[in-house]
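Student: Given next are the chains, with one letter for each unit.
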Amino acid sequence: MQQRNVDHHIIVMDNGGGSCKVGFAGERNPKIIPNVIAKAKSTGAGVKGKAYIGDELENCENYSSLVYKRPIEKGYVVDCETQIALWNRIFSADVLNVTDFADRHIFLTHQPFTPNIIKSDLAQVVFEHFGFKEYTSLSGSYCAFNGFLSEHQYNPTANPINASYSAVVVDSGFSFTNITPIVNHGVQKESIRRIDIGGKALTNYLKEIVSLRYYDMMDETYLMNVIKERLCFVSLDFMKDMNIVKNVENEIQRHYILPDYRNTRTGFVKQDDVPLTAEDQVLSMNNERITVPEVLFTPSDIGSDQAGIPEAIVQSVSSTQEIFQNVLYDCILLVGGNTCFPNYKKRIEKDMRKYVNVDHNITVHQPSDPVVCCWRGASSFAGSETGLARMSSTLTVTKKEYEEHGSNICIQKFSQS
Amino acid sequence: MGKKDEDYDEDSEDDDLEEDQSEEEQYDESDSDTKKSTKRKAGTKKKLPPKKRANTGKVAKNTEPISFSFKNPEYLKKKSKNKKRMHKNLKQIITQENYQDLPPTVPTYINIEAPPSMYPPKKYCDITGLHSKYTAPNGIRYHSSVVYPIVTSLNEYRVQDYLGLRKSTTNIK
Chain A
1 MQQRNVDHHI IVMDNGGGSC KVGFAGERNP KIIPNVIAKA KSTGAGVKGK AYIGDELENC
61 ENYSSLVYKR PIEKGYVVDC ETQIALWNRI FSADVLNVTD FADRHIFLTH QPFTPNIIKS
121 DLAQVVFEHF GFKEYTSLSG SYCAFNGFLS EHQYNPTANP INASYSAVVV DSGFSFTNIT
181 PIVNHGVQKE SIRRIDIGGK ALTNYLKEIV SLRYYDMMDE TYLMNVIKER LCFVSLDFMK
241 DMNIVKNVEN EIQRHYILPD YRNTRTGFVK QDDVPLTAED QVLSMNNERI TVPEVLFTPS
301 DIGSDQAGIP EAIVQSVSST QEIFQNVLYD CILLVGGNTC FPNYKKRIEK DMRKYVNVDH
361 NITVHQPSDP VVCCWRGASS FAGSETGLAR MSSTLTVTKK EYEEHGSNIC IQKFSQS
Chain B
1 MGKKDEDYDE DSEDDDLEED QSEEEQYDES DSDTKKSTKR KAGTKKKLPP KKRANTGKVA
61 KNTEPISFSF KNPEYLKKKS KNKKRMHKNL KQIITQENYQ DLPPTVPTYI NIEAPPSMYP
121 PKKYCDITGL HSKYTAPNGI RYHSSVVYPI VTSLNEYRVQ DYLGLRKSTT NIK
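As they're listed, the protein sequences go chains A and B.
What the first sequence shows, in the UniProt record's numbering, is residues 1 to 417, in sequence order.
What the second sequence shows, in the UniProt record's numbering, is residues 1 to 173, in sequence order.
Treat the hints with care, since some could be wrong.
Derived pair list, reagent style DSBU-like, types lysine-lysine, alpha-carbon separation capped at 35 Å [what the hints assert, rightly or not]: (1) A:346 - B:133; (2) A:246 - B:123; (3) A:246 - A:345; (4) A:354 - A:240; (5) A:133 - B:167; (6) B:133 - A:240.
Covered stretches of chain B, going by a simulated chain A footprint (3 or more residues, C-beta under 8 Å) [unchecked claim]: (7) 90-98; (8) 104-112; (9) 128-135; (10) 160-166.
Quick caveat, the hints were computed from the structure, so don't treat them as lab data.
Only a predicted model underlies this, so the values are computations on that prediction, with no experimental measurement involved.
C-beta atoms are modelled at their ideal positions from N, C-alpha and C, and glycine is treated no differently.
My request is simple: use the sequences and hints to build the entire structure.
Tutor: So, in structure tokens, the structure goes:
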């Protein structure tokens with residue numbers, strides 16, 4: 001995977017539940033577009049609210065009371081109509097400026113075990129609605145793994161990955177968490193584990209507890225997401241920290257100044273030396289800062305009966321063949337938006353040690369940018385000679401093939417990875 | 001199998017919270033009805049109970065597009081009438097995939113679900129979020145006697161709100 005020419009014929013897209021990462025093959029940085037259509041609630045005068053598609057959300061004046069419509073549920077595209085509207089926006093002159101689809105090749109990432117209905121719907125969108133020439137789809141976890149490998153080409157000082165090209169990819173994204181062991185470039189499908197908790201569930205949980213305890217925030221999803229990203233962190237010693245937050249004044253507590261929509265649209269964290277003014281509305285975040293990300297580790301907190309991430313990693317790895325387990329524990333790769341929580345990596349390291357036999361080495365890696373890691377892997381895959389060769393032989397469906405065999409050929413080819 | 005279906009129900013509810021509440025509510029009913037009817041379809045399979053016919057017209061309208069393929073000519077017409085919820089949600093799609101017919105060794109969306117944790121769930125005070133040792137008769141967990149007056153002052157709906165947060169509501173809506 002040496003060559004890195006930007007190939008404008010291949011559009012690489014990591015179509016995630018929270019944001020869609022898109023760019024051309026061989027590029028280093030994608031454009032990140034929120035994968036959502038947000039509609040402002042109709043105002044009192046009966047005026048229909050404005051709809052913000054994808055990146056137009058940035059221009060939104062007022063983030064409160066937005067109604068979100070997302071095409072993706074648990075990582076799978078269920079609502080093709082919304083997805084088409086969003087892709088139209090992404091391919092428009094404002095973002096990617098692509099018009100000649102008949103000449104282009106689209107490279108999408110997919111989640112494991114995508115239902116056949118969704119695969120064929122997507123094939124219809126790609127070939128019939130947009131009319132792409134070729135369509136490639138590769139497992140998102142494999143792309144993330146590849147992205148991590150390609151990162152070392154840029155940064156030779158980083159830890160070299162083990163020679164067997166094996167890793168456990170823990171993709172904790174917006175609407176799900178998937179744990180995928182990869183052995184010698186091959187995805188171990190039987191050992192994939194999924195946890196139905198992602199960033200969205202965490203934001204909703206924070207929104208609900210804040211609404212029950214302090215202010216009604218049920219309409220303020222955007223704001224709560226901002227607060228979550230700014231204030232929540234993974235506790236390294238949860239029991240100890242829970243004892244700290246018992247006290248009225250403690251070092252974990254932070255005050256968040258809520259937006260007044262004049263000076264600030266999203267609010268900010270109160271600095272210690274700045275006194276409060278009479279107009280400031282303050283949301284104090286105490287145990288919420290740690291209990292919200294804790295849900296990733298103990299989903300039972302919100303009534304889910306699935307295991308937390310460290311336990312699920314152990315379940316996943318121990319279901320692989322015994323000879324692989326050593327190398328897999330030695331390379332745990334964390335990607336996805338939830339990886340951005342402070343201390344997330346350390347906590348996984350710490351928890352894994354509790355579950356895993358001393359004979360196994362545990363090494364946890366975190367790519368420099370866990371959100372776009374998957375896209376970078378896809379981009380470098382599609383931009384390299386070896387990747388292109390693999391793509392054309394097994395992973396790509398051309399429009400001609402589609403017209404000949406229908407969407408079955410997509411189902412067949414894309415279920416291999 | 002039945003137990004897993006329950007889980008999906010709960011999850012989709014969780015997701016729906018993201019969308020607008022007031023608008024969501026009006027669909028909640030019909031949504032759960034469609035869920036029920038699809039579940040029934042999957043469960044009994046051979047014969048639909050006659051009860052289904054007796055359901056309200058609203059339900060029939062909602063289930064109709066499910067049985068058609070994606071290219072149903074009615075699709076766009078219906079859409080203009082009732083713009084929302086025309087796509088199937090993930091749970092409906094999964095039901096249609098007939099994963100139960102596959103041998104259990106084949107990995108599918110359903111059986112890659114992480115099994116339950118080996119550790120007992122932690123208990124938190126519903127009011128403050130701190131550790132909790134006590135449970136009030138109405139099901140609310142509380143941290144200490146300081147919180148208890150608040151617990152007793154809650155009305156029934158509020159209690160359900162709190163319990164719903166950790167999905168342990170007892171009465172079904």
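Student: Against which earlier hints does the structure fall short, listed by number upward?
Tutor: 5
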